[in-house]
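Here is what each chain is made of, one letter per residue.
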Amino acid sequence: MTTVSEVQVEAEIEDLSKRSSVLDAVITMLRKQPLASFGAAIVLAMIFMAVFADILTSIDPEENNLEFMLEAPGEAFFLGTDQFGRDLLTRIIYGARTALFVGFTCAIIGSTLGLVLGVASAYFGGLFDLIIQRVVDVIMAFPLIILALAVVATLGPGVENVIIAITIPFVPQCARVVRSNALAIREIPYVDAARALGFSHMRIILRHMVPNVMAPFLIMLTSFLGQAILLEASLSYLGMGVQEPTAAWGLMLQGGAEEYAESAPWVAIWPGVAISLAVFGFNLFGDGVRDTLDPKLRSQ
Amino acid sequence: MKNTYSKFAVSLAVGAGLALGASAANAETPKSGGVLEFVVPGKAPSYDGHIETTYAMVHRVRPFYSLLIRVNPDNPSDPSDFVCDLCDGSVPEPTEGGTKYTFKLLPGVKFHDGTDLTSEDVKATYDKIIFPPEGVASARKSFFKAVESVTAPDESTVIFKLKFPTGSFIPALATPFNFVYSKDDLDAHGYTWHKSNINGSGAYKFVQHQKGAFLEGVKNPDYHHAGKPYLDGFKAITSAKMALSIQAIRGNRAAAEFRGFPPKARDDLVKALGKKITVQESDWNCVLLATPNHKIKPFDDTRVRQALTLGLDRWSGSKYLSRIAIVKTVGGVVFPSHGLAATKEELVKLKGYGTDIKAARAEANALLKEAGVPGLEFTLHNRGVDQPYKVVGTWMIDQWKKTGMEVKQQVNPTPVFYDVLRKKKTFDVSLDFNCQSVINPIADITKFLGSAGNNYGSYEDKVLEDSYNKILQSGDVAEQRRLIREYETRALSDEARMMISLWWYKINPHRSYMKGWKIAPSHYLNQHLDNVWLDL
Chain A
8 MTTVSEVQVE AEIEDLSKRS SVLDAVITML RKQPLASFGA AIVLAMIFMA
58 VFADILTSID PEENNLEFML EAPGEAFFLG TDQFGRDLLT RIIYGARTAL
108 FVGFTCAIIG STLGLVLGVA SAYFGGLFDL IIQRVVDVIM AFPLIILALA
158 VVATLGPGVE NVIIAITIPF VPQCARVVRS NALAIREIPY VDAARALGFS
208 HMRIILRHMV PNVMAPFLIM LTSFLGQAIL LEASLSYLGM GVQEPTAAWG
258 LMLQGGAEEY AESAPWVAIW PGVAISLAVF GFNLFGDGVR DTLDPKLRSQ
Chain B
40 MKNTYSKFAV SLAVGAGLAL GASAANAETP KSGGVLEFVV PGKAPSYDGH
90 IETTYAMVHR VRPFYSLLIR VNPDNPSDPS DFVCDLCDGS VPEPTEGGTK
140 YTFKLLPGVK FHDGTDLTSE DVKATYDKII FPPEGVASAR KSFFKAVESV
190 TAPDESTVIF KLKFPTGSFI PALATPFNFV YSKDDLDAHG YTWHKSNING
240 SGAYKFVQHQ KGAFLEGVKN PDYHHAGKPY LDGFKAITSA KMALSIQAIR
290 GNRAAAEFRG FPPKARDDLV KALGKKITVQ ESDWNCVLLA TPNHKIKPFD
340 DTRVRQALTL GLDRWSGSKY LSRIAIVKTV GGVVFPSHGL AATKEELVKL
390 KGYGTDIKAA RAEANALLKE AGVPGLEFTL HNRGVDQPYK VVGTWMIDQW
440 KKTGMEVKQQ VNPTPVFYDV LRKKKTFDVS LDFNCQSVIN PIADITKFLG
490 SAGNNYGSYE DKVLEDSYNK ILQSGDVAEQ RRLIREYETR ALSDEARMMI
540 SLWWYKINPH RSYMKGWKIA PSHYLNQHLD NVWLDL
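Residue numbers (this note's numbering), protein chains in the order written: chain A, 8 to 307; chain B, 40 to 575.
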């Protein structure tokens with residue numbers, strides 16, 4: 008029989024070992040994948056800014072303070088102000104919320120739809136596969152930004168339409184990659200065994216094929232995050248994305264880059280830095296995920 | 040000619056005062072030769088002045104055509120100084136109680152195809168503008184409501200007979216869109232030929248137009264103003280982005296852009312080019328408005344519309360927005376520098392024009408509560424053009440938010456913007472504008488009438504229509520002024536049919552070697568280029 012104090016000691020030891028294993032994992036990751044760790048840190052910082060924007064700054068990102076228009080970075084305004092006197096630091100922080108919202112929504116919806124289509128296309132094959140792949144060919148023939156521009160031009164600007172415009176080109180990209188992996192899995196005997204056991208198509212796809220294409224799926228998902236942020240910024244910069252007065256990095260560039268490039272360069276510099284860092288961070292993180300999940304790369 | 044507004048013919052002090060280099064140009068002897076290169080930011084839908092309303096057409100095409108009369112090129116800031124272009128001598132005074140104007144034409148004027156320009160051509164032109172056949176568009180038909188007939192009793196005489204005397208006739212006649220076309224062209228090719236063909240009698244002859252790139256004109260040696268034009272030709276370069284236009288002037292690939300730049304662009308160019316750049320500035324006969332859609336609730340409620348106008352701090356907006364946008368002046372329905380415009384004392388009596396913004400916003404909140412829509416939520420429909428639409432739109436949204444309203448913005452490219460305004464009519468409140476050429480308050484203020492072709496508010500206001508008809512038929516300037524105040528009070532305050540934001544302010548930095556061009560209070564005016572020369 009154990010006493011209370013013995014139970015407490017055992018729990019503490021277990022806790023310590025857990026903590027040391029998490030710490031070990033972080034140290035291992037830092038040592039083995041320093042760039043991915045740097046990327047992950049940027050991603051985490053962005054998520055932190057987006058979630059706790061209200062706590063990080065008490066300033067309204069949309070409120071004009073015209074008496075402080077185009078103030079240079081300094082004590083009062085750490086990153087300066089824009090032409091409407093809005094604090095740039097606050098708008099950068101809130102801009103992370105817009106970027107992540109659009110980025111995650113597009114990446115998750117786009118890659119999930121691509122996953123379903125890709126696996127289904129590989130599993131069913133035949134005419135279904137042929138039709139799906141030709142449609143994918145057509146959509147993939149257009150450069151990403153051109154397709155997104157065409158969709159926004161048709162639907163009109165606005166956050167919802169930007170999400171649709173960015174998501175559509177992601178679907179075939181993910182479907183194509185997932186299909187190639189799923190084709191290989193389809194030929195493995197356990198899929199035949201599942202069929203022989205009389206499992207439904209849905210069960211075979213969801214239970215036996217999808218889990219085995221998660222690696223390429225996750226790699227596509229993380230790479231889409233950076234692309235989506237860049238696309239949203241591009242569309243907003245072109246005036247076809249998020250609309251004023253919403254805080255969004257591309258929109259901040261659009262409002263100030265041309266007109267104030269010489270007299271107030273900070274108006275364009277900070278959102279530019281934010282976009283670059285975010286894309287850089289997601290790409291590094293995505294590379295890390297790929298290196299971890301791809302067995303061929305892992306063995307090298 | 041000095042028309043009935045002559046005693047109000049205030050030279051636009053700002054324009055005249057800031058027209059740097061203008062006086063110098065007067066003192067210098069013009070030199071002949073050279074090709075003027077300038078940038079035009081927009082694209083011209085067609086070459087037909089009678090149907091178009093955009094500066095993008097005027098800047099490119101106006102140099103090819105003549106007008107019957109025009110704004111004095113040496114004094115374009117004066118709203119009552121008109122001179123003959125195709126007519127001989129000075130602009131005629133009316134006879135028969137102000138209802139008959141008889142114009143004698145200059146002899147020997149020829150179209151670019153070599154045919155003679157006669158009174159029949161002028162008559163055919165104005166018949167097309169004033170009395171277009173059914174199905175033929177005419178953008179300024181309503182300017183000539185008072186005209187009963189146009190006749191050409193002989194080869195060199197044109198007579199305009201009016202139904203009643205009106206001071207708005209001569210300014211309407213000088214509108215720079217009233218290109219005089221050849222009757223033979225109209226008879227032979229029909230009323231749509233001028234949309235894609237040019238045969239004028241202006242200072243320059245058409246050479247080529249590479250759409251999306253440039254349009255070229257060459258000097259007309261048979262031009263009817265002796266010794267002009269000074270230039271060998273001009274090249275209007277298409278420049279879609281303002282940044283490109285600025286860099287074109289900075290890099291000396293173009294001498295000017297005639298629409299206007301915001302203050303920051305002016306400052307950057309002056310800083311970079313010093314004396315090589317000359318800046319001319321003027322009040323601008325353009326005003327940015329917000330038009331509520333009266334067919335959509337709750338904007339059919341006067342209290343809601345009044346709350347919208349009460350929420351705008353125009354005086355503070357003028358102070359700050361004039362630093363970043365091409366807007367500046369607080370005003371009512373009439374061009375602010377005109378004698379018929381409201382004074383500040385008169386303006387502050389209107390809702391939304393007071394100097395105590397806290398009190399105004401408290402009143403706005405009370406009105407919204409009373410109307411049952413506290414914290415009103417709506418979408419501002421805007422045009423995808425930075426200056427001044429998007430800048431002022433962002434400012435207005437902030438102003439309304441400070442009043443407790445929740446406002447989103449929907450920005451559309453120009454064709455979609457107009458489609459929503461004119462056809463779909465699905466907007467809550469839209470940014471809108473009233474840009475005119477010759478300062479002609481009696482014609483310009485028709486914008487606020489529900490029946491006007493360019494009014495998108497979807498309302499009928501018989502009181503306002505009656506008020507306007509009284510103004511139109513009033514011959515006495517003091518009486519007109521009093522009636523316009525009544526009209527203005529109803530349109531902007533009592534019914535708050537539209538919310539005026541700020542009047543535009545024109546800033547034209549151009550290369551100092553471009554001489555002779557004088558800024559006018561409109562981007563449509565003084566673009567014939569026959570008095571422009573290069574001091575290279």
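FYI, nobody ran anything at the bench for these hints, they're computed from the structure.
No residue lacks a Cβ here, since even glycine has one placed at the ideal position from N, Cα and C.
Check the hints yourself; a few may be wrong.
[Claimed, not checked] Quick list of the computed label-pair ranges, beta carbon to beta carbon:
id	chain 1	residue 1	chain 2	residue 2	range
1	A	61	B	409	30 to 36 Å
2	A	149	B	382	57 to 63 Å
3	A	284	B	575	44 to 50 Å
4	B	533	A	55	49 to 55 Å
5	B	361	A	30	58 to 64 Å
6	B	409	A	162	52 to 58 Å
7	B	533	A	162	38 to 44 Å
8	B	231	A	162	30 to 36 Å
9	B	458	A	35	56 to 62 Å
10	A	160	B	286	34 to 40 Å
11	A	65	B	355	20 to 26 Å
12	B	310	A	34	49 to 55 Å
[Claimed, not checked] Residues of chain A clear of chain B, computed beta-carbon distances all greater than 10 Å:
id	residue
13	76
14	211
15	270
Tested hints:
Between residue 61 of chain A and residue 409 of chain B the beta carbons are some 33 Å apart, a value that agrees with the proposed interval 30 to 36 Å. Checked against the given bound of 57 to 63 Å, the beta carbons of residue 149 of chain A and residue 382 of chain B, roughly 59 Å apart, stay inside it. The given range of 44 to 50 Å is respected by residue 284 of chain A and residue 575 of chain B, whose C-beta atoms sit roughly 49 Å from each other. About 53 Å separates the C-beta atoms of residue 533 of chain B and residue 55 of chain A, a value consistent with the hinted range of 49 to 55 Å.
Taking the beta carbon of each, residue 361 of chain B and residue 30 of chain A are about 59 Å apart, inside 58 to 64 Å as hinted. Look at residue 409 of chain B against residue 162 of chain A: about 38 Å separates their beta carbons, and that is not inside 52 to 58 Å. Look at residue 533 of chain B against residue 162 of chain A: about 40 Å separates their beta carbons, and that is inside 38 to 44 Å. Range check, residue 231 of chain B to residue 162 of chain A: Cβ separation about 34 Å, and the 30 to 36 Å hint holds.
The hint said 56 to 62 Å for the Cβ distance between residue 458 of chain B and residue 35 of chain A, and at roughly 60 Å that hint holds. Evaluation of the 34 to 40 Å hint for residue 160 of chain A and residue 286 of chain B yields a failure: the beta carbon distance comes to about 27 Å. Judged by the Cβ atoms, the range 20 to 26 Å given for residue 65 of chain A and residue 355 of chain B holds: they are separated by roughly 24 Å. Roughly 54 Å separates the CB atoms of residue 310 of chain B and residue 34 of chain A, a value that falls within the hinted 49 to 55 Å.
Not every CB of chain B is more than 10 Å from the CB of residue 76 of chain A (nearest about 6 Å), against its label as outside the interface. Every Cβ of chain B is farther than 10 Å from the Cβ of residue 211 of chain A; the closest lies at roughly 47 Å, confirming the non-interface assignment. Residue placement check: residue 270 of chain A does not keep its beta carbon more than 10 Å from all beta carbons of chain B (closest about 6 Å).
Against the hints set out earlier in the document, violations occur for numbers 6, 10, 13, 15.
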